[in-house]
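Each chain, letter by letter, is given below.
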Amino acid sequence: MISFLIKRLLWTAATMWVVFTATFFLMRAVPGGPFDGERKLDPEIKRNIEARYGTNDDLDVQYFRELGRAVRGDLGPSYKLADFTVNEIIAQGFPISASLGTLALCFALGLGIPTGILAAVWRGRGLDYGPMTVATIGMALPEFFVAPLAVILFVFLWPLFPAAGWGSWDQLILPSVCLGLPFAAYIARLTRTGMLEVLSQDYIRTAYAKGLTPTDVVLRHAVKGALLPVVSFLGPATAGILTGSLIEESIFAIPGLGIHFVQSAQQRDYTLAMGLVLLYFLLLSVMNLVVDLLYKLLDPRVKIDS
Amino acid sequence: MTTAVIDETEAARRERLWEESRRVQGVSLGQDAWRRFRRDRVSMLSLVFLLGMGILAIATPLLPLQSPRLVKVDQKFQPMKFRPLFAPTAAWLDDAGKINEAKLDECFGELNVVNDSLIKLRAAIFGRWEVTSWLGTDHLGRDQLARLFWGARVSLLVGVVAGLVSLVIGVSYGATSGYIGGWVDSAMMRVIDVMYSVPFIFIVIFLITVLSEESIKKWLLEHGIDRIVIFYVVVGAIYWLTMARVVRGQVLSLKQQQFIEAARTVGCSRARIIFVHLVPNLLSIIIVYLTLTIPRVMLFESFLSFLGLGVEPPDVSWGLLANEGAKNITPIGIVWWLIVGPGLALGLTCAALNRLGDGLRDALDPRLKNR
Amino acid sequence: MPAAVRKFLPWLFPAALVGAAAWALSIGTLPPAEFTFCNATEIKSVDPHRINGQPEGRIVEALFEPLLRRHPETLQPIPGMAERWEVSQDLKTYTFHIRRDALWSDDTPLTAEDFYYSFRRFLLPATGGEYTTLFFAVKNSEKYTKRLLKEGDPVEVELPKPARSVDGIRGEILTGKLLKIEGKEPEADEQGASSDDRRVFVVEIDGRSRRFTTSSDVSGAELCQTVLFDFREVGVRLVDRHTLQLVLENPTPYFLDVVSFYPLAPVQRACVERHGYPNWTKPENIVSNGAYRLQFRRIRDRIRLVKSDTYWNRANVKLNTIDALAAENITTMLNLYLTGKADWVTDLPPSVKPELRRTRPKEYDPTPQLSVYFYRVNVTRKPLDDVRVRRALSMALNRKEIIEAGPRAGEVPALSLVPEGIAGYTPANGDAENIAEAKRLLAEAGYAEGRGFPRIEILYNSHDVHRAIAEVIQSQWKRHLGITVGLVNQEWGVFNSTTRKLEYDVSRAGWIGDYNDPTTFLDLLISNNENNQTGWKDAKYDELMTAASREIDPAKRFQLLHDAEQRLVEQLPVIPMYHYVSKEMVRTYVKGLYSNIREEHPLWAVSIDPEEKARVFAAEGLR
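Protein chains in written order, with numbering that gives the first Met the number 0: chain A, 0 to 305; chain B, 0 to 370; chain C, 0 to 622.
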């Protein structure tokens, strides 16, 4: 176990370097730079600005400078939000995105798993078709479609929630639900599939044969096995929720990190983009580790190669 | 007498057994699955719906629809209207029914050989008659119904092709990684981690900008590759990651099972074990993921449209239409006919795909035979 | 162990839920400010010398006050930090008298020295000021900022900074005469410039010749930070503690407009040098001189401003707190406005504009702006190098239809680059829509009915309105001229790069005037202007523009500019589409926010009428 963790750590560090390098050169290969605006700057003035940030140095010089800085945990100044360092931007935005994401995920799990279980147990009946149809439609509509409709419904027609913002309890609900909805649908389907798989297995028959009540069989024996696909989905889902929150953050004016993901790429804010990529990578590594460990816990058949 | 009777029944029973065994022999796994699938009404309905949608999309040039790209600013934001149902208004045909090539180009853009002959066929069948704006018009006065149909072509194609691309890459990759295990598995999974952790938006911007550079674009166009084709590749190349991960997870648990052990004992090669023994056992999960991936690809396409990186006007896709619809959802007023169309099209197609996946899964799973 | 962990697992889920909710709630809510507006984006900086955008301007104008302010209604320069000023006979020397009661927010007096320091900092290449071009009317300032040096020039040499000094402190400065430059200037490449400057500057200092270089790779010369034109020779003169003089290169009639512009605001030297950039801009460190102070900044959320108690005119500042929201989504802004959470929104979704004009005419009243939407034409490409083709393209446009389909807010069709509204100036008169004539011109150029006309493409940056406009133009050109036009949309960064490299046929552009003078538009098309980007070089146009810049008599000058613009609309390297109208919507209870030609609204003039507000909120059922 310990050696597995150490190995994983080393792998993570190595891949992080690969990610850093790939991102660094990929970003700079795209046409346009951070200081190109609609108003073209006088070349000499642009040179002055570039000199400030060192973006006119040779690429290898820049690479090693930034790598050295990143190793020390300093991601440098943002080019577009010039008053802040990337560290400050992430420190302010990440807690907000993370709390939004966690709430959405909790909502998704809380709605998705029970729906999926019910649908599987009552397979082929109303309780299967009804919720699963809702689930598929929930998955099928783009978020930029659902969120504005939700605003019209629950802010204007039936004024339950405020239009935008983040910080009070009533501001949390609408964005979390909108963000979690497609994930809930996805999870419900995965749970249903996993559940059907498990319910046909011998140990479930044995459990029934022992005389356990259906509730006991489902909750004590079946669910655990049925959640495997869900668990393996959680890793990418967490990452997806972080970037996917872009639309929610934009529509509900939530000051998280989602918008930065797209804007830093579009505006060529190299340092901020790099910071976000590294953050995203770390998050994903941790989540994948958790998923692998959970897999082992839930399914004793899985061996972790160490 | 008694013996004779007994003999007779004995013979009849034997005969019956033979008969039965003959009948059982004839049913293969695929037929069996098809038989079970047919019983599932909703799945059949989904299949029929999707096939119908596909056929309509392919046959769009044949249908008496208005131009999806003709701008008529004076007719913008017309609501749904069914009266009259048809009108002889096709601008690209003159009164004598002759095609005005310049006008045709304005109405439908450049058409390939197939579409061009379909359009000519249409002109022969329907003449100048075309449907009126049943689903209303958009902010430039273009017919929403025609846009939905022409958009379906792009959206369905993107979904199917990208889904298949992701399927092929993802399954081979995931199964190989999970089965071989050890450092190969770790390395292959790290590659996925790397690809995951470069946010897709960078990859998309990178690829689309590189591929839209003048010289490259010209070269691609000469080889018949336009921006939509680039889409398949980009999107397919992004969506195989999840597929690979899930397949690997399943393989990890499957490879501990006895039938794999047995195959190894009799000396099967790795490739044979992976593709002959493992992959079929993954079929149900693969199909479920594929049916989940296609709608996600279609949504991703709409997300790209949201970011302005989607298909280029005057081409249309459902994502683009959904986006234009979403722009009109404001508390001041909702142009509902621009929302209902793309919303229903996307929603129903994705729902049907999902339902189809479920049905196929159930049908293909031998363990569900008696349920 | 695993068994214990397994038991614990189900609890993980509620724990995460509660944890996340608590985390989110811990950010807390704030009592709303007296006045809240949507600033449409997170601003780049509050450092007045480094910014160039309108959202930045709104905040910086509240925090810092230049020598002059602008009247909230007419935008004419009025006394600010300078209580009065004089202009010399030749219109080249401006003398400003700083008011005696001017204070920084840390209660220290603000003097002419602060302005001297600030102008120097603004122009200093290391600051990277983006708006410095505006200041180039001042004598020798261009040489200073762009490091235009030639032998014999007076120069200042900045020695290396002490180690670990903050960004903002300069090294020791020596002054002397430049004797010689050894080596070649580094060549600029497309993506900017190489920093590889290996030149050696031979400078005579105190009668002794010394060699300096900025590159650590060069031996045989002293290392220095930079070599610049001597700032003492730049037209900024400190007369005494309260008097500052600016000397211009040419008479510049709009110079007072420039002086009242936010990049010319002062910053406090002590503050900048103690904390360095960017730390001095933090709310806890910043020292400002405007009507408001920075209370806090939450990235992408809001900027809270509070009334300054050291501002000279504090008696007339009505609002105690102001929130500037960074929300970028225009529909969200509208939602915030309609739910009473924002009192002023600076942009609206195009789709609601016609309806809002009808239902809320008092709040949303679009007025013409000092700005223009136009298409650049790449005149280096065939067939667009033919002026007849360009004129045909312009004449075939129905600009009304374009406006109806795109921006939809009653924009003004444009046949000239310069909009109406500059007192004394008559914009040129371009060709109006005339399809028959357009067809004739196209035929004359050899493309009758569009036959043989190569496929051209309209390039635009990804945006709904730009797309809608391009689609209409595409269809109009097809319909009226029979030519096939493709659309290419590129994401912002790429778009700019493509346009600059002239890799387009026709490209979308917009320009917002910086000051109230035709040159803010007409300078764009001068041959060597970096914003020209059409490949159009016209000696006659340049000649007229140069003549205008030297002309003292305002009427004659405007006539020269008008002639230049007339030349422009006849040659059409750019096709004007329309002049923007204001995009903002503001509640009726907000007072002191007048509609004007630049949508500029000094926050010191804004106030709220509480009774009216109560009435509006009651009528709309808002809380």
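Because the hints were derived from the structure by calculation, they are not lab data.
Note that beta-carbon positions come from the ideal geometry of N, C-alpha and C, so glycine has one too.
One should not assume that every hint holds.
[To be verified] Quick look at which bits of chain A chain B covers, simulated, 3 or more residues with Cβ under 8 angstroms: (1) 4-17; (2) 148-155; (3) 254-268.
For this structure, which hints from the list above don't hold up? As far as the earlier hints go, not one is violated by this structure.
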